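Below are the chains, spelled out letter by letter.
There are 2 protein chains.
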Amino acid sequence: MRAAIDRLELPNPAWASVDNVADLVSFGDATGWPVVLKTPRGGYDGKGVRVINSAEEAAGTEDWFQAMSPLLAEAKVEFTRELSALVARTPDGEARAWPVVHTIQVNGVCDEVIAPALDIPVEVAAAAEDAALRIAGELGVTGVLAVEMFETPGVGAGFLINELAMRPHNTGHWTQDGAVTSQFEQHLRAILNLPLGATDALAPVTVMKNFLGGGNQDLYSAFPLALASEPAAKVHCYGKSVRPGRKIGHVNLIGASTADVDSVRRRATMVANIIRDGRAAADEAPHTFEETA
Amino acid sequence: MRAAIDRLELPNPAWASVDNVADLVSFGDATGWPVVLKTPRGGYDGKGVRVINSAEEAAGTEDWFQAMSPLLAEAKVEFTRELSALVARTPDGEARAWPVVHTIQVNGVCDEVIAPALDIPVEVAAAAEDAALRIAGELGVTGVLAVEMFETPGVGAGFLINELAMRPHNTGHWTQDGAVTSQFEQHLRAILNLPLGATDALAPVTVMKNFLGGGNQDLYSAFPLALASEPAAKVHCYGKSVRPGRKIGHVNLIGASTADVDSVRRRATMVANIIRDGRAAADEAPHTFEETA
Numbered sequence: 014m015r016a017a018i019d020r021l022e023l024p025n026p027a028w029a030s031v032d033n034v035a036d037l038v039s040f041g042d043a044t045g046w047p048v049v050l051k052t053p054r055g056g057y058d059g060k061g062v063r064v065i066n067s068a069e070e071a072a073g074t075e076d077w078f079q080a081m082s083p084l085l086a087e088a089k090v091e092f093t094r095e096l097s098a099l100v101a102r103t104p105d106g107e108a109r110a111w112p113v114v115h116t117i118q119v120n121g122v123c124d125e126v127i128a129p130a131l132d133i134p135v136e137v138a139a140a141a142e143d144a145a146l147r148i149a150g151e152l153g154v155t156g157v158l159a160v161e162m163f164e165t166p167g168v169g170a171g172f173l174i175n176e177l178a179m180r181p182h183n184t185g186h187w188t189q190d191g192a193v194t195s196q197f198e199q200h201l202r203a204i205l206n207l208p209l210g211a212t213d214a215l216a217p218v219t220v221m222k223n224f225l226g227g228g229n230q231d232l233y234s235a236f237p238l239a240l241a242s243e244p245a246a247k248v249h250c251y252g253k254s255v256r257p258g259r260k261i262g263h264v265n266l267i268g269a270s271t272a273d274v275d276s277v278r279r280r281a282t283m284v285a286n287i288i289r290d291g292r293a294a295a296d297e298a299p300h301t302f303e304e305t306a
Numbered sequence: 014m015r016a017a018i019d020r021l022e023l024p025n026p027a028w029a030s031v032d033n034v035a036d037l038v039s040f041g042d043a044t045g046w047p048v049v050l051k052t053p054r055g056g057y058d059g060k061g062v063r064v065i066n067s068a069e070e071a072a073g074t075e076d077w078f079q080a081m082s083p084l085l086a087e088a089k090v091e092f093t094r095e096l097s098a099l100v101a102r103t104p105d106g107e108a109r110a111w112p113v114v115h116t117i118q119v120n121g122v123c124d125e126v127i128a129p130a131l132d133i134p135v136e137v138a139a140a141a142e143d144a145a146l147r148i149a150g151e152l153g154v155t156g157v158l159a160v161e162m163f164e165t166p167g168v169g170a171g172f173l174i175n176e177l178a179m180r181p182h183n184t185g186h187w188t189q190d191g192a193v194t195s196q197f198e199q200h201l202r203a204i205l206n207l208p209l210g211a212t213d214a215l216a217p218v219t220v221m222k223n224f225l226g227g228g229n230q231d232l233y234s235a236f237p238l239a240l241a242s243e244p245a246a247k248v249h250c251y252g253k254s255v256r257p258g259r260k261i262g263h264v265n266l267i268g269a270s271t272a273d274v275d276s277v278r279r280r281a282t283m284v285a286n287i288i289r290d291g292r293a294a295a296d297e298a299p300h301t302f303e304e305t306a
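Order-wise, the sequence lines are chains Z and H.
For what it's worth, the numbering used here labels the leading residue of the first sequence as 14, then goes sequentially.
For what it's worth, the numbering used here labels the leading residue of the second sequence as 14, then goes sequentially.
Derived from the structure by calculation, the hints contain no laboratory data.
No false leads were mixed into what you were given.
Note that the list lumps identical chains together, so a pair holds whenever it fits in one copy or between two copies.
Within a straight-line C-alpha distance of at most 25 Å, the following computed SDA-like cross-link-like pairs (lysine to any residue) qualify: (1) Lys253 with Pro208; (2) Lys253 with Leu205; (3) Lys253 with Leu207; (4) Lys89 with Glu69; (5) Lys253 with Phe197; (6) Lys89 with Ala35.
Bear in mind that the values here come from a model prediction, so they are computed numbers and not experimental data.
Chain Z with its partners taken away, still in its complex shape (with noise of 0.2 Å):
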């Protein structure tokens, strides 16, 4: 991913590959600590990397190294914000370009989107687009690519691409409810090689808010109390078994103006918040924004 990025000349984190412990030693020496160490393979919500602050920290990944090699590193990036342009293409060569948002995670894992991006400046929003739709076309891609992004002020294009994730992707769950076109409506075009559609978002500002497996068993059992509380909320269950920190379902919430946003934000967690906590939990005591930020 990372030789393809460059050959298409667009902006990468200093990288390479790297063969065993002194390689990585030489990498983060010469870009500076800390250096981000990835599996090049298996990777998903923060697994399969890891940040190795010094020479000294970076004996102890010999373990990888063991496993599988060579591994990729890369510069740890200072960026403002972390940004998704998400695209789709179809073998005839159409695509189109959805908003680029702004998405922030926990804990390695994305835990809201906020779409699109606010405040992101005309041109940055239109390189990044356009880098996603250059990677899309020059590798061949078929359905929904999402590009994930760190914003970099001043530096480079206002950008540095972060991971590309070739599917459907939690990145782009907003548009089921706040685009004219889902992305999982324009996958299936996509891959149909149907003409795309329309990726015009339909209010100013779209918060999607991911909820993971908590003290609620029973999703359902939440609904009255969560959908009473949002009637504009549109709550999305993936059917599985609960598990903690499993990604279980989002909450999409559309808003009237940008100005709204922490209160579009404040309210789609509220509703997160009881169908993974539950109604007696939410009974108890009420949820802030601030417990989950």
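Position chain H relative to chain Z; hints supplied.
For chain H alone, coordinates are given in the frame of chain Z:
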């Protein structure tokens, strides 16, 4: 239905329960001809409805009275357009109304819906929503109820009630893509006695255009052209076999401004015509809005 509406003191056209041709003639002579004669059960899409223009024509209704009696006679109302007020109600009595819409009937069949009804006086819209909510409450409706109305400026509240439909309804299909909560989601919430969802429109105007069975037997074959012709169109097919005149699907299309309504109608109609007539027919000649008006 007519008796219940009278009991609620909501605006009915003149009506009577008629047992035979003599009753029908008395009603028509009293209220003026033409008269609309309806079977009280089993009617839909214009079936079970006859317009009787004179006492002489009334003699020809003997067959209906033989088959089914009493029948419903109604004054044929002069109106400017048809409206539909859609509401949903839970067993606990929570109820919500979507914006009142303008419905366009062709040969007694709903052909097109413009949501919300443009330029409707706010007091007429409010009274229409209120009437539908009262009917749902007083009759103890669970689920979605459509109240079809004639707009009658200067007469009564500005409308007369035409028909009640206690179900998700053709005049509510626009909500699938044009409202925060679709009538189908709302119907499920209602019958499960869950809190109801917000009924706000997502766009200044949404057009729903039905397509009936026509020359194209394989609807999917027309999708490449239909979807390419209008990327924002949402096509809903019912999976029914294609028979001439049978409702087999509809197209929803939102517009960014009420000033765009003519363009939105034309584009929704174009998509529906392509699917109805097939790719070959669409290649032969462009479809004009006038052809279907």
